[in-house]
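Start from chain A and add chain V according to the hints.
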Amino acid sequence: MKPDAAFSSAYSYSGPFQNLTLQPLPYPYEGLEPYIDTTTMKLHHDVHNKAYITNANAALAEAPQAAKSLTLLGLNHNVGTDLFGKPALNTAFQNNAGGAWNHAFFFKCMSPAGSSPSGNAPAQGGALAKAIDAAFGNFTAFKANFSEGATKRFGSGFEWLLVQPDSGNKLVTTSTPNQDNPLQQSAEVKGIPILTLDVWEHAYYLKYNATRPAYIKNWWNVVNWPYVEENYGKATQGVVPVVASS
Amino acid sequence: MGTALAGQKLQFRSSVPCRCTRARTVFTRAELTLKPLPYSEDALEPHISRDTLNVHWGKHHRTYVTNLNNQIKDKPMANKTLNELIVEAWNSGSPTPEFNNAGQVFNHDFYWESMCPNGGGEPTGELKAAIERDFGSFDEFKTQFKAAGATQFGSGWAWLVAEGGKLKVTKTPNAENPLTNPAQTPLLTMDVWEHAYYLDVQNRRPDYISTFVDKLINWDKVAERFAEAK
Numbered sequence: 001m002k003p004d005a006a007f008s009s010a011y012s013y014s015g016p017f018q019n020l021t022l023q024p025l026p027y028p029y030e031g032l033e034p035y036i037d038t039t040t041m042k043l044h045h046d047v048h049n050k051a052y053i054t055n056a057n058a059a060l061a062e063a064p065q066a067a068k069s070l071t072l073l074g075l076n077h078n079v080g081t082d083l084f085g086k087p088a089l090n091t092a093f094q095n096n097a098g099g100a101w102n103h104a105f106f107f108k109c110m111s112p113a114g115s116s117p118s119g120n121a122p123a124q125g126g127a128l129a130k131a132i133d134a135a136f137g138n139f140t141a142f143k144a145n146f147s148e149g150a151t152k153r154f155g156s157g158f159e160w161l162l163v164q165p166d167s168g169n170k171l172v173t174t175s176t177p178n179q180d181n182p183l184q185q186s187a188e189v190k191g192i193p194i195l196t197l198d199v200w201e202h203a204y205y206l207k208y209n210a211t212r213p214a215y216i217k218n219w220w221n222v223v224n225w226p227y228v229e230e231n232y233g234k235a236t237q238g239v240v241p242v243v244a245s246s
Numbered sequence: 001m002g003t004a005l006a007g008q009k010l011q012f013r014s015s016v017p018c019r020c021t022r023a024r025t026v027f028t029r030a031e032l033t034l035k036p037l038p039y040s041e042d043a044l045e046p047h048i049s050r051d052t053l054n055v056h057w058g059k060h061h062r063t064y065v066t067n068l069n070n071q072i073k074d075k076p077m078a079n080k081t082l083n084e085l086i087v088e089a090w091n092s093g094s095p096t097p098e099f100n101n102a103g104q105v106f107n108h109d110f111y112w113e114s115m116c117p118n119g120g121g122e123p124t125g126e127l128k129a130a131i132e133r134d135f136g137s138f139d140e141f142k143t144q145f146k147a148a149g150a151t152q153f154g155s156g157w158a159w160l161v162a163e164g165g166k167l168k169v170t171k172t173p174n175a176e177n178p179l180t181n182p183a184q185t186p187l188l189t190m191d192v193w194e195h196a197y198y199l200d201v202q203n204r205r206p207d208y209i210s211t212f213v214d215k216l217i218n219w220d221k222v223a224e225r226f227a228e229a230k
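Going down the list, the protein sequences come from chains A and V.
Going by our numbering, the first residue of the first sequence is number 1, and it counts up by one from there.
Going by our numbering, the first residue of the second sequence is number 1, and it counts up by one from there.
Think of the hints as simulated: they come from the structure by calculation, not from any bench.
These figures come from a predicted structure and were not determined experimentally.
One or more hints might be untrue.
To be verified - Rough simulated footprint, nothing fancy, chain A against chain V, three-plus residues with beta-carbon under 8 Å:
id, segment
1, 48-60
2, 170-183
3, 190-199
Here a beta-carbon is modelled for each residue, glycine too, at the ideal position from N, C-alpha and C.
Okay, chain A solo, but in the shape it has when bound (with noise of 0.2 Å):
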């Protein structure tokens, strides 16, 4: 599958190969607290995160030319396709041009508690208010199915919410595994994200141990609510959200 050429430009850019960078915390390390603790986010933004920059810009210097011209997105949507020719490096931007990007959205999809105008929710009467309740029944059946995919997501990965253009714009939840996304090629339910929710360890254990449930409860607290509905719009635009310059 080739990206679809009308979003071209969100895909490649013309100028010379550039290194993708660590994209800055919204907000300071302490930010999330008490619902996530300073520590996670310092080991979560300035180690893991890094790491799959580091490993993509790694894998980046052996891909083919087609590749190296690629956005972190249009790296992503080619995840699956035979673009990057040999398995070895296919896998090597699933994992880390999906880490590299679901991270920089992770990150983006909160904001420090009390801060959406709106509450811990979308804006009532809004479109994606409206949405979800079409989707969903009403918040707290979406907020409990969003957790529910969250909890029982085996191992590591992350559940997300996301419009399928192919289908209406229907609003859906998914989950992925490891740093999997829906806008890899290969990716069994495909779609627009517009909110994650990171639930490999290392983004909870330090403060939650094994307790998943209770991390996912008090993420609800830190969820960009104006972020996600600015999402909403442009994905039944068709447009991915954009997390990262390059």
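Positioned in the frame of chain A, the structure of chain V alone reads:
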């Protein structure tokens, strides 16, 4: 209780007398129990902390047992040994819901017994000879085993197995293990799920792996399993 290789025996609790004449062919109710750790929770300090063992065994491992029991309650699966359950639930690669819990119960039993206080060092005797024969050297085995642990992306396990009379290193994701491969017999495992090391060394999985290999491997146990596998 039987050896680790034979699989965990089910504990039978019956409130009515068994009506069968052959032992263990009819059960009124069977349940797995969480096998105790082979050592105290602080016995692997300073390599693995008491806090880690307390949560890893006391919460993660215990939850797999509880969840599996809930899944197999009152079903024919409750009449199987743990090892049989794993193979059945694997379902030739399309695992049923019981697989993750059953696999993880076995994997953790096997992992605790793969370690001991004052472990590590080198194997001796026939096992050492077999390692040198099949890897070239003990150092090469260590290199491969560490690499397997380091490169298992996400959650999973590194293994030393016997296959076709030879030793080899393998790795598996999530709850998978060599029991689903009829050609392989597991001899040693190392848990590389983040919960195995995150409290102690956070992201530094390679440090945990080195510590496991250098200080924790129960080579006597591995040798025992090796002898049984031949």
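The hints, checked one at a time:
{"no.": "1", "hint": "48-60", "result": "holds (count 3)"}
{"no.": "2", "hint": "170-183", "result": "holds (count 3)"}
{"no.": "3", "hint": "190-199", "result": "holds (count 5)"}
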